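Q: As a plain string of letters, each chain reads:
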Amino acid sequence: MKLSTLLASAALALGLAGGAYADAHGKTKVGFVFVGPVGDGGWTYEHNQGRLAVEKEFGDKVETVFVESVAEGPDSERVMTQMALDGADLIFTTSFGYMDPTINIAAKFPDVKFEHATGYKRADNVSTYSARFYEGRAIQGHIAGKMTKSNVIGYIGSFPIPEVIRGINSAYIHAKKVNPDVEFKIVWAYTWFDPAKEADAAKVLIEQGADVILQHTDSTAPQAAAQEAGNVITFGQASDMAQYAPMPRVSSIIDNWAPYYIARTKAVMDGTWTSTDTWDGIGAGMVGIGEITDAVPAEVKEEALALKASIADGSYHPFTGPLKKQDGSDFLAEGETADDGTLAGMNFYVEGITGDIPN
Amino acid sequence: MDLSSINPVLFVAGFLVAATPLIFAALGELVAEKSGVLNLGVEGMMIIGAICGFATAVETGSPLLGFAAAAVGGAALSLLFAFLTQITLANQVASGLALTLFGLGFSALLGQSYVGVKPPRLAEVNFGPLHDIPVLGPILFSHDIVLYFGFALVVVVWAVLKYTRAGLILRAVGESHDAAHALGFRVVRIRTLAIMFGGACAGLGGAYISLIRVPQWTEGMTAGVGWIALALVVFASWKPWRLLLGAYLFGGITQLQLNLQGAGVAIPVEYLAMSPYIITILVLVVLSADKSAAPASLGRTFHASS
Amino acid sequence: MIRLEKRPQPSQAFSWATPLLAVLATMFFGGLLFAALGKDPVSSIITIFWEPLFGSNAFYYRPQLLIKGAPLVLIAIGLSLGFKAGIWNIGAEGQYIIGAIFGAAVGLAFYPAQSVFIFPLMILAGALGGWLWAMIPAVLKVKFGTNEILVSLMLVYVAEQFLASMALGVLKNPEGFGFPGSRNLQQYASAHNGELIAGSGMHWGVVAAFIAVIFAYVLLARHRLGFAIRVTGEAPRAAKFSGVNPTRLVLFCMGTSGLLAGLAGMFEVAGPAGQITIDFNVGYGFTAIIVAFLGRLHPIGILLAGGLMALTYIGGDIAQSQLGLPAAAIQVFQGMLLFFLLAFDLFTNYRLRFGHREVA
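If you're matching them up, the sequences are chains G, D and C in order. Counting in this note's numbering, the first sequence runs from 1 upward without gaps. Counting in this note's numbering, the second sequence runs from 1001 upward without gaps. Counting in this note's numbering, the third sequence runs from 2001 upward without gaps.
Hints are computed from structural coordinates only; laboratory data are not their basis. Check before you lean on any hint, since a few could be wrong.
Unchecked claim - Straight-line Cα separation of at most 25 angstroms, BS3-like style, residue types lysine-lysine; simulated pairs:
no.: 1; chain 1: C; residue 1: Lys2172; chain 2: G; residue 2: Lys29
no.: 2; chain 1: G; residue 1: Lys146; chain 2: G; residue 2: Lys325
no.: 3; chain 1: G; residue 1: Lys325; chain 2: C; residue 2: Lys2172
no.: 4; chain 1: D; residue 1: Lys1239; chain 2: C; residue 2: Lys2039
no.: 5; chain 1: G; residue 1: Lys27; chain 2: C; residue 2: Lys2039
no.: 6; chain 1: G; residue 1: Lys29; chain 2: G; residue 2: Lys177
no.: 7; chain 1: G; residue 1: Lys149; chain 2: G; residue 2: Lys177
no.: 8; chain 1: C; residue 1: Lys2039; chain 2: G; residue 2: Lys61
no.: 9; chain 1: C; residue 1: Lys2172; chain 2: G; residue 2: Lys56
no.: 10; chain 1: C; residue 1: Lys2172; chain 2: G; residue 2: Lys121
What the hints assert, rightly or not - Which chain C residues face chain G? A few, computed with CB under 10 angstroms, are given here:
no.: 11; residue: Ser2056
no.: 12; residue: Thr2277
no.: 13; residue: Leu2352
no.: 14; residue: Arg2353
No experiment lies behind these values; they were computed from the predicted model shown. Every residue gets a Cβ at the ideal spot worked out from N, C-alpha and C, and that includes glycine.
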């Protein structure tokens, strides 16, 4: 009895699911799997803004669904499967840890398109996408190098992974370029999210003489610490953090997923979706540079905007030789630019940064 | 490596601030545990305090009103725990865990419209010339009123527990609820009050994070401070003064490792982050010779007929 | 005047009725909450409780109940033995982590060799890891009389830091382009704890959970040790007279709970999760404490409670995606369920009396 009901419901569900794949339904359904709460004010918040932009763009033609705070591992597989079973046409999985689960589930639903953020594994129905945040870091580095008076720049890292190390290197290269005396103090918070610890890290860096704080953690805690300390400048991270402008926040890197999400949804609607590897930066609008405030002198602002323009149009690459690694070995020859593979797996500091990457 | 870049004065001033949420939360839990109640819901009460305080401060523009609301919010949530454990006689460990789950969820619902909002600042207390004393000035006389209040509260709790009749009754209830009941004390009422005091303190600690130390509101922002507070009570072997010391040690180690990193010292961060917990365990072992430390009725359910 | 009177025997009827009453009360108050959030209360409740079991995609969710519930039940069974005897291991989360690290480390040490002996070795290593981690509070309690609640809790944080260190260091996938996290054991046949029957959700961890339930049932009902556990919890003094060795009991209860938690971690890392990552642990060790109490520390009760918790997780995720309920609302809903279950348990052991207290 039980077995037969099970089989019956399975058959029914498969039938339903099969129906969902056909073009019978009018709305395109887009699912989002989020690693944190949409109220985190940072990473997940910005992905959710992208989702809302999709809704706004397509109105009645699209239906979006999301599940927040989904643990990486079996929970994420279940949530993806559930979305696929409920008829999602396109599913965005927005954390590196969803990589293997996305590949697993995509294999089971060949007609559903998957988009995995920040990973490197693809399939016929799995694309990957990420943002070249290091392009924004170059601009921050330039402003930081020009603005610092103590020549000490504090950097709050989350975990020592390529994404974060790449940002440190990019910022350092461009700070050093305009200010040869500049020194980076790097503190690893060993957490993605702990506002109190981020605040502490910022305070410690300021106490140790830093008058510029760069952060690769998402909360505004370092901004508040800088504001309290007075003459310290910061940059917004993930979101604009405009409530701390014009001081201490003088500019920001904004994760802007909306154009990509809209384009990919459109591709599914048009039937033109194919598996791709997208790594977009300032040019495509995936990395936004928040308004540079008047706390920055006009000529520095102009230089920064010029740098932004040259990165955006592709005439300049933030990792352009000659560059050496921290140990003095050659990294890039004169005029050579780093290829994406090297950038993706970057696990070394460039020459001049002191200290070791913890492991 | 450049250890000279660590400024000892600012370092000390920094961990005084970092320790304050811990002091509040742990002090409240200490009083609850002294009465024989183990409330594992500290994290939940803290986060409720964090959002109640934040929302009230933003709406009224007054951080102090925010702190008052945080205390009320924390105490209100703790009443739920008191109802479960004192009236319906539910297990304290499970009730506390449920309280934390509920508090984390409920605070997120309350705080939906407060993400990204900047709260009003609470100014430093003006000590006039005292502030300018070298070394001592920045360490002792450059903080907000709530930090001093936390310190004062430690003194008050210590004095009340040690010298007053109320403190004696509280300890008696914690040592043997049956004996206390036989002597005519209202065990349930006393414990409920102790739990509410714990909730109010946890709420204040949470608000200190959301209004002063960070200051912002995001879901789950207490990030485990409530659990550290629980450890701290044991570390302090239920003595207010040692609690103060322990809070500075716990706060200090985090500050120290961040300072050392900033100075370029290659330290294994994970292993240093473990150290407060390992030290607490060692302290427990050392203290174990002193059998009188833990309240004898801790975690046990009381019913008058049993 | 209403007052409580202790029943001479726990009421059988109420021990079955109270969980149902609690679920009904949660449905009612949860419905109010969902209505306050502007969602249809009836369809919300149906989505959480009905969809995973009998909805159109139940063929998929039912096996998921096993996957989600198995670690909870496995850990909770171990904990319940100690809880019954008044031995409080609340650090199962840490033992779960260490079990997973030990198990995965053994598996990865053999990579890429294929052998039928690798998986059994991993099981042993996982059990050993959890057992060792639980032995720390146990031995400290026995030797020095330290409080096991606090030591085991402290060790959770130590284990979490150790996990981060492993995921970023020794166990990091050498072919992972520098990203944190180990190799995926799902792609390593000899170490993979896969589904025993495709699509059934049954993996060795589920089997182990069922075995643990039976083992605990028999132990408590038939074995001398089970008797010792029950007597120690109910009347410690009587236990001493009847020759129970408290030291051995502490070591046994802590050890067993650690061992089962370690196994749960090992089966999870080798199966559904696949790899050691910084965020590998998702709170099963703490949720299992709640499951143990919801199940009234009874093996069958724990099995049902584990299923119920798994149901609210799975149903909660469905409700999020289908109805747009925030995750926080689901958390509050689960909190309510626990409150009502805990509160209504009162009626199992006590009855309400109306009227004045007789003069004693």
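Q: Taking the earlier hints as the rules, which of them does this structure contradict?
A: Violated: hints 1, 4, 6, 9, 13 and 14.
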